[in-house]
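Asker: Residues in the sequence shown are numbered from 1 upward in steps of one, following my numbering.
Simulated from the structure, these hints should not be mistaken for lab results.
Idealized CB from N, CA, C, for every residue including glycine.
Take these hints with a grain of salt, some might be off.
[What the hints assert, rightly or not] DEER-style ranges, computed between Cβ atoms: (1) Cys171 with Arg31: 27 to 33 Å; (2) Ala63 with Lys159: 17 to 23 Å; (3) Ala86 with Cys36: 30 to 36 Å; (4) Ala111 with Ala63: 50 to 56 Å; (5) Arg67 with Leu251: 40 to 46 Å; (6) Gln221 with Val194: 36 to 42 Å; (7) Val194 with Thr88: 37 to 43 Å; (8) Cys36 with Ala103: 32 to 38 Å; (9) Leu99 with Gly61: 36 to 42 Å.
[As the list claims (entries may be wrong)] With a Cα cut of at most 30 Å, we get these calculated BS3-like pairs of lysine-lysine: (10) Lys242 with Lys18; (11) Lys202 with Lys242; (12) Lys202 with Lys159; (13) Lys233 with Lys202; (14) Lys159 with Lys233; (15) Lys242 with Lys159.
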Amino acid sequence: MLFDIDGVIRDVGGSYRKALAETVYHYSGWRPDPHCIDALKNEGIWNNDWDASLELIRRQGGALPTRQDLVTVFSDFYFGASPDAASTQWQGFICGETLLLDAAFFKELTAAGLVWGFVSGAEPQSARYVLEHRLGLQNPPLVAMGDAPDKPNPEGLIKLASTLMALHGPCPLGPGAPPVAYLGDTIADVRTVVNARVAIPKQRWISLAVAPPHLHSDANQQARNNYENLLIKAGADQVLTKSSSCLEVMLELSQSFPYQQLP
Numbered sequence: 001m002l003f004d005i006d007g008v009i010r011d012v013g014g015s016y017r018k019a020l021a022e023t024v025y026h027y028s029g030w031r032p033d034p035h036c037i038d039a040l041k042n043e044g045i046w047n048n049d050w051d052a053s054l055e056l057i058r059r060q061g062g063a064l065p066t067r068q069d070l071v072t073v074f075s076d077f078y079f080g081a082s083p084d085a086a087s088t089q090w091q092g093f094i095c096g097e098t099l100l101l102d103a104a105f106f107k108e109l110t111a112a113g114l115v116w117g118f119v120s121g122a123e124p125q126s127a128r129y130v131l132e133h134r135l136g137l138q139n140p141p142l143v144a145m146g147d148a149p150d151k152p153n154p155e156g157l158i159k160l161a162s163t164l165m166a167l168h169g170p171c172p173l174g175p176g177a178p179p180v181a182y183l184g185d186t187i188a189d190v191r192t193v194v195n196a197r198v199a200i201p202k203q204r205w206i207s208l209a210v211a212p213p214h215l216h217s218d219a220n221q222q223a224r225n226n227y228e229n230l231l232i233k234a235g236a237d238q239v240l241t242k243s244s245s246c247l248e249v250m251l252e253l254s255q256s257f258p259y260q261q262l263p
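Construct all of the structure, not just a fragment, from the sequences and the given hints.
Answerer: Shown next, in the form of C-alpha cells:
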C-alpha cells in the first residue's frame, strides 16, 4: 500500500497550494483560487507546484521569472526559511498543515500484514518532516522529489514497489506477486498507476483516489463530484471518501488474493 503525501496524508490547501497561489500573485498580480488550481492539476501533467506556478503565470501573460527565482519565492512562502534549515526555524505555511492520518493508522496497516510506503513529489525535507516529525514514523520508505522523475512517470512508484517487494514479498513484481495499490488525490497520481501497468503489465496495480480536502464540504459537493468523476475517467479503480478507507479496501482484497494474479 503506497501513498502520495499531499492531499492524502496532510491537507496542503493552506500550505503548498497557498504558496502556489501567492507565488503566482507575487509575479502576476493575480491570485488563482482553489478551483483554478484544481483545473490545472486536472490536466494531469502539473504535479510539480513550481512548474504549475510558472504555467499559471505564463497563461496570465506575465513576464516569466527564472525557475530558480520562482523556487526561492515559493520556498519563502512555504518554508519561511531555507528548506535545509532545522524545521524549528521554519515559519512558513508548512507550520499550519493539518494531518489527515495519524501514526495509529500505520500501526493498523502493519498489524494487518500490509507493507506500506510513500511516493511523493514533495521536497525530501517537507516529506520527511510530516512523516517523521509530525507522524513519528521511523525511517519510512519514501521516494520524494529528486529520487525519480515527476509523476505521472511511474519510475518512482515502480522503484519503491520493487524495493519493498524484494524485502517483504514472495517474488519480484509480476505474476504471482501481491497487488500494489497507490492512493493519490490528482489525475497525475492516477496516471502514474496507469503508466506502471504499461511498464509492468503482469503486475497487479490498483489506483485508489481521494478528492483533496478543500472539496470535502457541503458547499463544494458538486465540484467534488466533478473532480471524482474525472479521477475515475482517468483510470482510478476506486474513489474513497477518506484516506483511511484504503485499509478496508486492502483487507477485502487480501482475502481474495493469496499471492496470485487477479483475473
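Asker: Tell me the numbers of any earlier hints that the structure contravenes, in ascending order.
Answerer: Going through the list in order, the structure violates hints 1, 2, 6 and respects the others.
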